[in-house]
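Number of protein chains: 2
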Amino acid sequence: MKFTYHQIIALDRLYRANLINSITGFKSVALLGTKSENGNLNLALFSQVFHVGANPPFMGVLFRPESQLGGNHSLKNVRNTEYFTLNHITANIYKQAHQTSARYAEDISEFDAVGLTPYFSENFFAPYVQQSPVKIGLKKEEEIPLIINGTTLIVASIQELIIEDKFIKADGFADLHAAGSITCSGLDAYLSTNKLARFSYAKPDKPIENISY
Amino acid sequence: MKFTYHQIIALDRLYRANLINSITGFKSVALLGTKSENGNLNLALFSQVFHVGANPPFMGVLFRPESQLGGNHSLKNVRNTEYFTLNHITANIYKQAHQTSARYAEDISEFDAVGLTPYFSENFFAPYVQQSPVKIGLKKEEEIPLIINGTTLIVASIQELIIEDKFIKADGFADLHAAGSITCSGLDAYLSTNKLARFSYAKPDKPIENISY
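If you read the sequences in order, they're chains C and G. Be aware that the first sequence starts at 413, since it is given in the numbering used here, and climbs by one per residue. Be aware that the second sequence starts at 413, since it is given in the numbering used here, and climbs by one per residue.
Bound-form chain C, shown alone (with noise of 0.2 Å):
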């Protein structure tokens, strides 16, 4: 099957929306925790999270249209606040997580709506998930607006980093499938992981190697 771009454009909303959403390939999947500045907290799910660079540690959040509501108490508080975390789920709170996409008003906490804890770290304002096996605690750096669609692309630093000692491999890789990590796929399906393989750093004329994993 060949879909052009006129045809993508001529499709119904809701197909053209999960079948756009569905064939970027699977994403990385976490819960945005932040804090308002009236101290309301706030927690939404975002797959369109990517690594940035390493050093400095920058990680990327892009956030829908501010016409289509929904995440935005999240852009609000971070615009006002600078700070936010990412959580990542697990099969134990995947249907919390999905949950936490509810258009609750603002004042409601998605915490409390959906049964997930909130845990403060020492000196970081912005909530994270207890429940989660990594969390990321991370500063706004530079809002840039994509105005070819109206979503906004934050870039954030990485303030901290919480996750167990175990999951984390003698060459700093970290081992999501060991943590229970899962991925997402389009809107609405979630996945869980089964290890291929890590391979060594490819060079020209040199064969690849298995790593431990």
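Rather than coming from a laboratory, the hints here were simulated on the basis of the structure. Do not rely on the hints blindly, as some may be mistaken.
Repeated chains share a single entry, so a pair holds when one copy, or any two copies, can fit it.
Said to hold, decoys possible - Here are the simulated DSBU-like cross-link-like pairs (lysine-lysine), alpha carbons at most 30 Å apart as the crow flies: (1) Lys-507 / Lys-551; (2) Lys-615 / Lys-507; (3) Lys-507 / Lys-618; (4) Lys-507 / Lys-578; (5) Lys-507 / Lys-607; (6) Lys-578 / Lys-607; (7) Lys-607 / Lys-581; (8) Lys-488 / Lys-507; (9) Lys-414 / Lys-618; (10) Lys-414 / Lys-552; (11) Lys-607 / Lys-552; (12) Lys-552 / Lys-581; (13) Lys-414 / Lys-488; (14) Lys-507 / Lys-414; (15) Lys-488 / Lys-615; (16) Lys-618 / Lys-488.
Predicted, not measured: the structure shown is a model, and the values here were computed from it.
Got chain C; can you put chain G on it based on the hints?
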């Protein structure tokens, strides 16, 4: 274990690269195909690939700093020709896919070097990977330099999408697990998936239902 920003900055370079590239979560991973103005084919592995919007259908690809070559014959070709492809990888071709990340000379086709087959669609400039179950043809719409660390975000429109009918559900959702697409973690780990569930659209005060998956 808790790492702070300053502890991360002080880590050994390779340890930090492994840690920070892996903790962001499981990633979309795809082979990016281009053709140079001279007609040379190029293929490179990318995992900073994400959904930007469904209408119009946009994706984003983050390119590493130009000072760190490697994937940047790709960026040069995208700049000069505007067209590129993203091709999902499966357990049948992930070793070849990883090998494309070796620093081949600019006039070497990674298709030839690693043993993958270029596929040309009618009227589309850039090469797809024949062996890939999901082939996406893209046109550069906007180039956004992330001054903060020298990376480059390319926002591109989906011009073509090639996928077998049987992998598309009635509601438009593309079943990547059935297609055999895999995910990656960090710089060098590859994982296959297991379906957990698809969930209905979340609403406050309404329980989530499972969607057939």
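A quick look at each hint next to the structure:
no. : hint              : result
1   : Lys-507 / Lys-551 : within (27 Å within a copy, 36 Å between copies)
2   : Lys-615 / Lys-507 : between (42 Å within a copy, 13 Å between copies)
3   : Lys-507 / Lys-618 : between (45 Å within a copy, 13 Å between copies)
4   : Lys-507 / Lys-578 : both (26 Å within a copy, 28 Å between copies)
5   : Lys-507 / Lys-607 : both (24 Å within a copy, 14 Å between copies)
6   : Lys-578 / Lys-607 : both (17 Å within a copy, 26 Å between copies)
7   : Lys-607 / Lys-581 : both (15 Å within a copy, 27 Å between copies)
8   : Lys-488 / Lys-507 : within (25 Å within a copy, 43 Å between copies)
9   : Lys-414 / Lys-618 : neither (37 Å within a copy, 37 Å between copies)
10  : Lys-414 / Lys-552 : between (40 Å within a copy, 20 Å between copies)
11  : Lys-607 / Lys-552 : neither (33 Å within a copy, 34 Å between copies)
12  : Lys-552 / Lys-581 : within (29 Å within a copy, 38 Å between copies)
13  : Lys-414 / Lys-488 : between (39 Å within a copy, 27 Å between copies)
14  : Lys-507 / Lys-414 : between (34 Å within a copy, 27 Å between copies)
15  : Lys-488 / Lys-615 : between (45 Å within a copy, 21 Å between copies)
16  : Lys-618 / Lys-488 : between (50 Å within a copy, 26 Å between copies)
Hint compliance for this structure: hints 9, 11 are broken, all remaining hints hold.
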